[in-house]
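Student: Given chain R, put chains V, Z and L with the ligands in place with the hints provided.
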Amino acid sequence: MDDLYREVIIEHYKNPSYRGHLDPHDIQFADNNPLCGDHIEITLQTAADGTVKDARFDGHGCAISQASADLLVESIIGKPLDEVKQLNKEHILDMLGIELGPVRLKCALLSLKVLKAGVYGLGEASDSLVE
Amino acid sequence: MDDLYREVIIEHYKNPSYRGHLDPHDIQFADNNPLCGDHIEITLQTAADGTVKDARFDGHGCAISQASADLLVESIIGKPLDEVKQLNKEHILDMLGIELGPVRLKCALLSLKVLKAGVYGLGEASDSLVE
Amino acid sequence: MLNVNEIRKDFPILQRKTHDSVPLVYLDSTATSQKPTPVIEAMDAYYRRSNANIHRGVHTLAEEATAMYEAAREKIAKFINSPSARQIVYTRNTTESINLVAYTWARANLKAGDLVVLTEMEHHSNLVPWLMLQSERGVELEFIPVTEDGLLDLEAYKTLLARTPKLVAFTHMSNVLGTINPAADIIRMAHEAGAVTLVDGAQSVPHLKVDMQTLDADFYAFSAHKMCGPTGIGALYGKAELLEAMPPFLGGGDMIKEVKLRSFKPNTLPHKFEAGTPAIAEAVGFGAAVDYLTKVGMENIAAHEHAITEYALERLEEIPGVKLFGPSADKKGGVAAFTFDGVHPHDVAQILDRDGIAVRAGHHCAQPLHEKFGIPATSRASFYLYNTKEEVDLLVNGIYKVKEMFG
Amino acid sequence: MLNVNEIRKDFPILQRKTHDSVPLVYLDSTATSQKPTPVIEAMDAYYRRSNANIHRGVHTLAEEATAMYEAAREKIAKFINSPSARQIVYTRNTTESINLVAYTWARANLKAGDLVVLTEMEHHSNLVPWLMLQSERGVELEFIPVTEDGLLDLEAYKTLLARTPKLVAFTHMSNVLGTINPAADIIRMAHEAGAVTLVDGAQSVPHLKVDMQTLDADFYAFSAHKMCGPTGIGALYGKAELLEAMPPFLGGGDMIKEVKLRSFKPNTLPHKFEAGTPAIAEAVGFGAAVDYLTKVGMENIAAHEHAITEYALERLEEIPGVKLFGPSADKKGGVAAFTFDGVHPHDVAQILDRDGIAVRAGHHCAQPLHEKFGIPATSRASFYLYNTKEEVDLLVNGIYKVKEMFG
Ligand SMILES: Cc1ncc(COP(=O)(O)O)c(C=O)c1O
Ligand SMILES: Cc1ncc(COP(=O)(O)O)c(C=O)c1O
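Protein chains in written order, with this note's numbering: chain R, 3 to 133; chain V, 3 to 133; chain Z, 309 to 715; chain L, 309 to 715.
Isolated chain R (complex conformation) (with noise of 0.2 Å):
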């Protein structure tokens, strides 16, 4: 597990691919966790047959929270829109593949939380998207 936490995880947090923020977008979404302070910025082009062109994140927080979003932005990109929308939180676990108590959990699925709210179009983003 420490190996994994540190390979996958310290890896992206370390080294984002998908850091950034696009100019313009179709799609953008921010919110963040008030209990640790994670915040997470979610920006998306989409292409004319709906699916996802590009994406990128922005934000700060915990290792967890900034390598899920990014294993998360890379994941969607070229997915059609009506595919993210069906993503749940177990997409999250199985790219970091370690387990997490209910605190962390918040964490990695504040992405998660933050994209579908932005796909969806929601005025505010809610726990029960990635339930």
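By construction, these hints were calculated from the structure, which means they are not laboratory data. No residue lacks a Cβ here, since even glycine has one placed at the ideal position from N, Cα and C. Careful, some of the hints might be misleading.
[Unchecked claim] Quick list of the computed label-pair ranges, beta carbon to beta carbon:
id, chain 1, residue 1, chain 2, residue 2, range
1, L, Asp457, Z, Lys565, 26 to 32 Å
2, L, Asn389, Z, Thr472, 54 to 60 Å
3, L, Glu382, Z, Glu679, 47 to 53 Å
4, V, Thr53, L, Glu382, 56 to 62 Å
Tutor: The following block gives chains V, Z and L with the ligands in isolation, referenced to the frame of chain R:
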């Protein structure tokens, strides 16, 4: 213990020697135990030498409260009021000869509380009189 | 039917002797129930293995403790068929559950002149909070009368409903009369009149199968200690939309989402109502109690209690001078409150105690009900899953002994 | 000095392994302490032998339970040198103790515009209740500032006192900075300015010898679970004349002297504030915890913690990238909160947990204090009587490991 309960308490409960109300009286006081509805009134005549000339109790309630009152009144006739003022809970418990939990103790001490409040000429009876 | 001899082995205290050598005959479960080994051991194990403060903890113990605390909530929700666990708020006891509603929902929604309907058979817990609100806010209180045979007068209730009360708060089962009130009907009628309902379930949840979705109660309060669980914890069930709209109760850690020096945002349900470090070990014990009751089966428990109660009422009725309160066995739970001619209930209880028989004597926190019947106190024997007909016989023999003593 | 190896044997959880085989290094006692065997066994024995509802019960178990419940109160009173046991009100925790004062004394005595002085280092428990009062009543809140080195700015306090606050409410010891505030001075100055004082003793009572008669606090709040006792119980100490004059808090059984359908009379102290069936087993455990701490000796505990803390601060300071918060060891209790360059506290805590080391990460229910220092969270290691210097070494090694990982 059952025997003591029966002999002393039941006897004084069923056949009290000092149940009644003195008129005229020099001292009168009454109070009740709101938890179980026990009620005791004591009336008392004093002699010129500061002793208790005569006394009676009236009221209703459990055997312990009524028997204690009868025993108490019996024990103070002829005693100096100054001595009556010093009576404490051991006096009652010695006469009853049984151990009592905190709830029944209140029943047992009601008459002493009433007596002392009367002899001290207090407006209200307080638990601290019998501690 | 349950196997009471097997059940009794689960309750270590039933091996207890009092007065040196007299076996305990515990007939006071309405005051508090005894605890089976699995409940005692669950809390013991929690302290020996997993104890930590919950929520926000990242370390293993904190995660374990949090998971155990929340798993118990899920069990309790399922036990009363709550639509979700977030509608279960942990409190200290039934009393705090009711006060929570009085301090939050009621103070946010009731104003001077608004009518609150209670009943004459309420426990002080479902009376004093409303008396306090009456003096503070000027709400009006009215009471559904209790009939001579210990039932609620539902005709009088209808008349009260015509005055459009804002709240109807009543006990599902009386702790003195044993009466099981027709809660679903009372709630339906209240709703038709536009009132919110609060049910004091302190005596029903331990003894009957209760179902929040069938009953349709808006608030439902109960205590763990009366249902084989530990002291120090209870629960309030509430409808989600009511709980969500209510202001918070106690302020502090965990009940907040965000705190600044000048403002705060309350947390989501149920945490909004759970301020500070909660009764964690007790929640674990509460969950174990619910598991235990579920395993035995609430239907079995109710049937067993019914059989004992029927027998007890029959036997007690035979004793000259005994007067029983409350309805007949088919309309009540396992409670037999009585007076005994010429002997004060305290004396009855104390003399029975010499034979190891634990009954309660007093007004049982229902002083107005006793006043209504013109008596200051009753003796009360009450029954639970671990009681036997032999114990009823011992009680009856004990009362004959009292009779002889005072004869 | 205490014998820490002997002490550790009293705490069964310290034998615990996490992640299959890693021994537990519990450095989170500020969140909640672990429980020694005598405390766990006292509650166990209560449930197995003496469990009954208290007060008014005539039978043997009820008398035993009542005596145990009240004996624990006597012990707690003596432990903090309260003039009498009736000045000790059982609550669920520190949070409820403070809310009790906010709902009763404060709502009876404070009106719009009245000033309440708090500090910038308060736990949410001693902040949110006053924020709620601010929105409800329009009282004004002001805060004694915290200096860079984590002390209260007493000059600023004097300026605030000139505005004649009605209440000064502050923590005796910060759960983040570890700062031990000069409580006696703060109270004396408040009294000179005519203010009532409330002290949050959640962190002081477990770790220091506190004396109500020397401190002269008007209200003092603490929790059993942080001082080797069970969850689900805490206490509020109050001056008798204040407690007597206060309106009751929760309404229900036991807190009343008499109830009628239209009115009630509250009970005497301390019962007036204890509505419904209380946390009886927990009171018994609380009493056992106080016995345990007394046996070890509060002076010994404080000295042991001081030695560990001094060592921990020294060792942590050596680590490049570690920034410690709070004053130097001579002015603080056993708490070391820190940040570590480039690594979020949650990651620090989780990586330490892999080595069995339990520290807490977050804002520790002191969000405004963290905001003041411009950080969202810290990692916090905290020490109690059972911690060792070897455990500090393991912590330090763990942090070096984190450094390496994130390097
Ligand atoms: C300083 C301080 N005050 C108050 C509290 C709240 O204590 P409890 O959660 O037991 O109510 C804590 C503990 O978290 C604390 O450290
Ligand atoms: C009907 C009823 N309501 C409320 C209560 C109060 O329960 P608790 O003391 O657990 O708050 C009781 C128990 O005494 C009860 O029997």
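Student: Could you run down the list of hints and mark each one as holding or not?
Tutor: Hints, verified against the model:
1. L:Asp457 - Z:Lys565: 26 to 32 Å: holds (31 Å)
2. L:Asn389 - Z:Thr472: 54 to 60 Å: holds (55 Å)
3. L:Glu382 - Z:Glu679: 47 to 53 Å: violated (35 Å)
4. V:Thr53 - L:Glu382: 56 to 62 Å: Taking Cβ atoms as reference, Thr53 (chain V) and Glu382 (chain L) lie about 40 Å apart, which means the hint is violated.
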